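Residue numbers (our numbering), protein chains in the order written: chain U, 1 to 282; chain H, 1 to 282; chain Z, 1 to 282.
In case anyone wonders, no lab produced these hints; they're calculated from the structure. There's no promise every hint is true.
Same chains, same names: a pair is fine if it fits in one copy or spans any two.
Derived EDC-like pairs (lysine to aspartate or glutamate); straight-line CA-CA distance at most 16 Å [stated by the list, open to error]:
| no. | residue 1 | residue 2 |
| --- | --- | --- |
| 1 | Lys152 | Asp94 |
| 2 | Lys24 | Asp55 |
| 3 | Lys152 | Glu126 |
| 4 | Lys24 | Glu126 |
| 5 | Lys24 | Asp94 |
| 6 | Lys152 | Asp120 |
Since the structure is predicted, the reported quantities are computational estimates derived from the model, not experimental observations.
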Amino acid sequence: VITFLSDFGCDDEFVGVCHGVIAKRCPGAHVIDITHGVPRHDIRAGALMLRAALDYLPAAVHLAVVDPGVGMEQPSAQGVAARRAIALAPATPDQLLVGPDNGLLWLAAEQLGGARRAADIARSPERLEPVSATFHGRDVFAPVAAALACGKALEDVGEPIDAEGLCRLELPHAHVRDGALCTHVLVVDRYGNLTLDASAEQLAELGVVRGAELELLHAEDRAGGERASTVAVYGRTFGDAPAGAAVLHEDSRRMLALAVNRASAAALLRVAPGDELIVRAP
Amino acid sequence: VITFLSDFGCDDEFVGVCHGVIAKRCPGAHVIDITHGVPRHDIRAGALMLRAALDYLPAAVHLAVVDPGVGMEQPSAQGVAARRAIALAPATPDQLLVGPDNGLLWLAAEQLGGARRAADIARSPERLEPVSATFHGRDVFAPVAAALACGKALEDVGEPIDAEGLCRLELPHAHVRDGALCTHVLVVDRYGNLTLDASAEQLAELGVVRGAELELLHAEDRAGGERASTVAVYGRTFGDAPAGAAVLHEDSRRMLALAVNRASAAALLRVAPGDELIVRAP
Amino acid sequence: VITFLSDFGCDDEFVGVCHGVIAKRCPGAHVIDITHGVPRHDIRAGALMLRAALDYLPAAVHLAVVDPGVGMEQPSAQGVAARRAIALAPATPDQLLVGPDNGLLWLAAEQLGGARRAADIARSPERLEPVSATFHGRDVFAPVAAALACGKALEDVGEPIDAEGLCRLELPHAHVRDGALCTHVLVVDRYGNLTLDASAEQLAELGVVRGAELELLHAEDRAGGERASTVAVYGRTFGDAPAGAAVLHEDSRRMLALAVNRASAAALLRVAPGDELIVRAP
Numbered sequence: 001v002i003t004f005l006s007d008f009g010c011d012d013e014f015v016g017v018c019h020g021v022i023a024k025r026c027p028g029a030h031v032i033d034i035t036h037g038v039p040r041h042d043i044r045a046g047a048l049m050l051r052a053a054l055d056y057l058p059a060a061v062h063l064a065v066v067d068p069g070v071g072m073e074q075p076s077a078q079g080v081a082a083r084r085a086i087a088l089a090p091a092t093p094d095q096l097l098v099g100p101d102n103g104l105l106w107l108a109a110e111q112l113g114g115a116r117r118a119a120d121i122a123r124s125p126e127r128l129e130p131v132s133a134t135f136h137g138r139d140v141f142a143p144v145a146a147a148l149a150c151g152k153a154l155e156d157v158g159e160p161i162d163a164e165g166l167c168r169l170e171l172p173h174a175h176v177r178d179g180a181l182c183t184h185v186l187v188v189d190r191y192g193n194l195t196l197d198a199s200a201e202q203l204a205e206l207g208v209v210r211g212a213e214l215e216l217l218h219a220e221d222r223a224g225g226e227r228a229s230t231v232a233v234y235g236r237t238f239g240d241a242p243a244g245a246a247v248l249h250e251d252s253r254r255m256l257a258l259a260v261n262r263a264s265a266a267a268l269l270r271v272a273p274g275d276e277l278i279v280r281a282p
Numbered sequence: 001v002i003t004f005l006s007d008f009g010c011d012d013e014f015v016g017v018c019h020g021v022i023a024k025r026c027p028g029a030h031v032i033d034i035t036h037g038v039p040r041h042d043i044r045a046g047a048l049m050l051r052a053a054l055d056y057l058p059a060a061v062h063l064a065v066v067d068p069g070v071g072m073e074q075p076s077a078q079g080v081a082a083r084r085a086i087a088l089a090p091a092t093p094d095q096l097l098v099g100p101d102n103g104l105l106w107l108a109a110e111q112l113g114g115a116r117r118a119a120d121i122a123r124s125p126e127r128l129e130p131v132s133a134t135f136h137g138r139d140v141f142a143p144v145a146a147a148l149a150c151g152k153a154l155e156d157v158g159e160p161i162d163a164e165g166l167c168r169l170e171l172p173h174a175h176v177r178d179g180a181l182c183t184h185v186l187v188v189d190r191y192g193n194l195t196l197d198a199s200a201e202q203l204a205e206l207g208v209v210r211g212a213e214l215e216l217l218h219a220e221d222r223a224g225g226e227r228a229s230t231v232a233v234y235g236r237t238f239g240d241a242p243a244g245a246a247v248l249h250e251d252s253r254r255m256l257a258l259a260v261n262r263a264s265a266a267a268l269l270r271v272a273p274g275d276e277l278i279v280r281a282p
Numbered sequence: 001v002i003t004f005l006s007d008f009g010c011d012d013e014f015v016g017v018c019h020g021v022i023a024k025r026c027p028g029a030h031v032i033d034i035t036h037g038v039p040r041h042d043i044r045a046g047a048l049m050l051r052a053a054l055d056y057l058p059a060a061v062h063l064a065v066v067d068p069g070v071g072m073e074q075p076s077a078q079g080v081a082a083r084r085a086i087a088l089a090p091a092t093p094d095q096l097l098v099g100p101d102n103g104l105l106w107l108a109a110e111q112l113g114g115a116r117r118a119a120d121i122a123r124s125p126e127r128l129e130p131v132s133a134t135f136h137g138r139d140v141f142a143p144v145a146a147a148l149a150c151g152k153a154l155e156d157v158g159e160p161i162d163a164e165g166l167c168r169l170e171l172p173h174a175h176v177r178d179g180a181l182c183t184h185v186l187v188v189d190r191y192g193n194l195t196l197d198a199s200a201e202q203l204a205e206l207g208v209v210r211g212a213e214l215e216l217l218h219a220e221d222r223a224g225g226e227r228a229s230t231v232a233v234y235g236r237t238f239g240d241a242p243a244g245a246a247v248l249h250e251d252s253r254r255m256l257a258l259a260v261n262r263a264s265a266a267a268l269l270r271v272a273p274g275d276e277l278i279v280r281a282p
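This is chain U alone, in the form it adopts within the complex (with noise of 0.2 Å):
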């Protein structure tokens, strides 16, 4: 099994030429899409995809690719670093992960206990050649994730290269300051729901039970001094609150999740990921 995640969007050929190559490669392959529509270049949200669905794949290579650096040999003009091609070996056996090195397979590694063995791929004898310079997907991680399915080994489809020295992934902590709980937007969705950094078990450790109505505050001043703000309600699912009403709720990924009913929580409280969120009762 090769499980595939992009964010290659499903307008072009892309991902349909990398089932080519995989096809090709190893015709028993069976691969499963887990989603292309990771918002373009966006790392932070390709990786907590790729964790979220890990836990309900089956033993797989997983094949992720979303990769600003791509061909690049030095930082670009907007400071987009360079970025090695890897594949690496996690503690959890029979689990593969091959994709750019630049934060995106972190998240996955750390829930399969660590990447314990890692191999620079840029190189690979799989790679087809000339590989270009904007689409390793096809050219470098594809083959290389098919050789890895038909049953090569990691020593065999690049160099060995530290597993200690890969790109790792930083997530900010949600953490209970003076009675309150400070979060982090980690996803703003197109609905303009909000992903946070928090569970359910750190709001429970406020005292705050499922029905509750809760402050959200935007951490920081605006110009002139106000904070975007919201009353919302702390339910189990979007049901919980009339339409334009905010609700906090557990969502499948089990995170905490801010949705408003027919409307943008994002807009609402005027955040982008990274923005810093206080929840506290009021």
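Based on these hints, arrange chains H and Z on the given structure of chain U.
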């Protein structure tokens, strides 16, 4: 074979996660994605798509998830009903349906001869524990569909319930009145094309032949007493009219549909799903 | 193996229905979706995507449907031509192409050595009766592709026709004139990036090297006598220029492409597919 229809969209990992659950539980299953682009929470559109696809699908477990009432224990503040989770066996052998009991499966069950046996699967031994409040596709429906595809019996995946008590989906019925055909808009697609609840046979009964000009009239007065209306040609395809002109034709589901070449029929007639349209020879 | 490309999009059940037809007719077939996001009715974009994918696909029956002339018995009011439905065998063995005879298959056939044999499949014994007016993908193309994938011969699925008489797709040709490269816009993608009909080799012939600054100029005067133009760097990837700056680079299809970092090259140069752009060293 498992077929899979939902309103999950392609931006998130939700579809891939369900594929993963199925691959883990029933590795040999062949999953055919019907679509995951059903408009969000639009049970009727999903039910119509599933019915439209059914004749062209192999014998299968049909997994369908459009589920505004997921996780609710009582009706929501917006009046969305709580619903059961079900699996059902219709009169046609070798076909099974799995999904929420909110009408989504009803048209498909009817097309397969009607539901004969049904089971409540909310507490299925196949479910993934703990069942989340918002993602029964992953936690209940997919694992049950996988178990059925791998040969488990309906009795083994849930508690038997009375098939007579399932949630129905009633569609309006086109009918002839005063020499005109009274139809209803079932679906408005993203191009503004309208699917109507009438058939080519019903037009033929009125003596309308291909190439005829027809008048289409919104059944309801607008403020001021005017009704939106248009003239349409009764054609075979879109191409049978100049740009901007309306064509009434039989669509690929064998239902009458109204399209305006390079424009929106919905905007022209100011209609929404459920509205009545009167079709008559001028 | 069957590969499948279309402009059906993902919002409806159309792609899934074709998969269903294939699974019924040839249960062992492995279907690789190249893309279903070809811009609606854009034959040239579809033909270019199919050709771009071909080198990376296994030997297969290639099913492609972008079909503005579906169901027409004569040219439409908009001048869209009626077309035949065809299957063809190119010079390369173990490859077959199935689709409308409107040019969509032409570039792929050329890449596979040219069409050697062809069959008109409109009345194929494999077709689903009654054939609808608007969905030959389901009723004609998919069942014929399935039959071919299951081993039927071209002669068994349709009436032989002269492969010389197939509908061609002519692309413009970039050429050097007065020391400048005259190119044409083949495709504009959703980000406003332009695919041109020129190769890196043609730029090299002009003596242009990586890192050089180039002028790009719309070949046609606008009202008032001005031509839209921009300066672009000849780079390896997007990242080789600051935000807002234009980069000419070789894309993953090995064609020259123009991108503007975080903006639209099409808007900057006011170009549409087919327009001529002049590239020259300033």
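Structure-based check of each hint:
1. Lys152 / Asp94: For lysine 152 and aspartate 94, the Cα distance is within 16 Å only inside one copy (12 Å; across copies 28 Å).
2. Lys24 / Asp55: Answer is between: at 10 Å across copies they meet the 16 Å cutoff, but 29 Å inside does not.
3. Lys152 / Glu126: within (10 Å within a copy, 35 Å between copies)
4. Lys24 / Glu126: Classified as within; 12 Å inside a copy, 28 Å across copies.
5. Lys24 / Asp94: between (22 Å within a copy, 14 Å between copies)
6. Lys152 / Asp120: within (15 Å within a copy, 45 Å between copies)
The structure agrees with every numbered hint stated previously.
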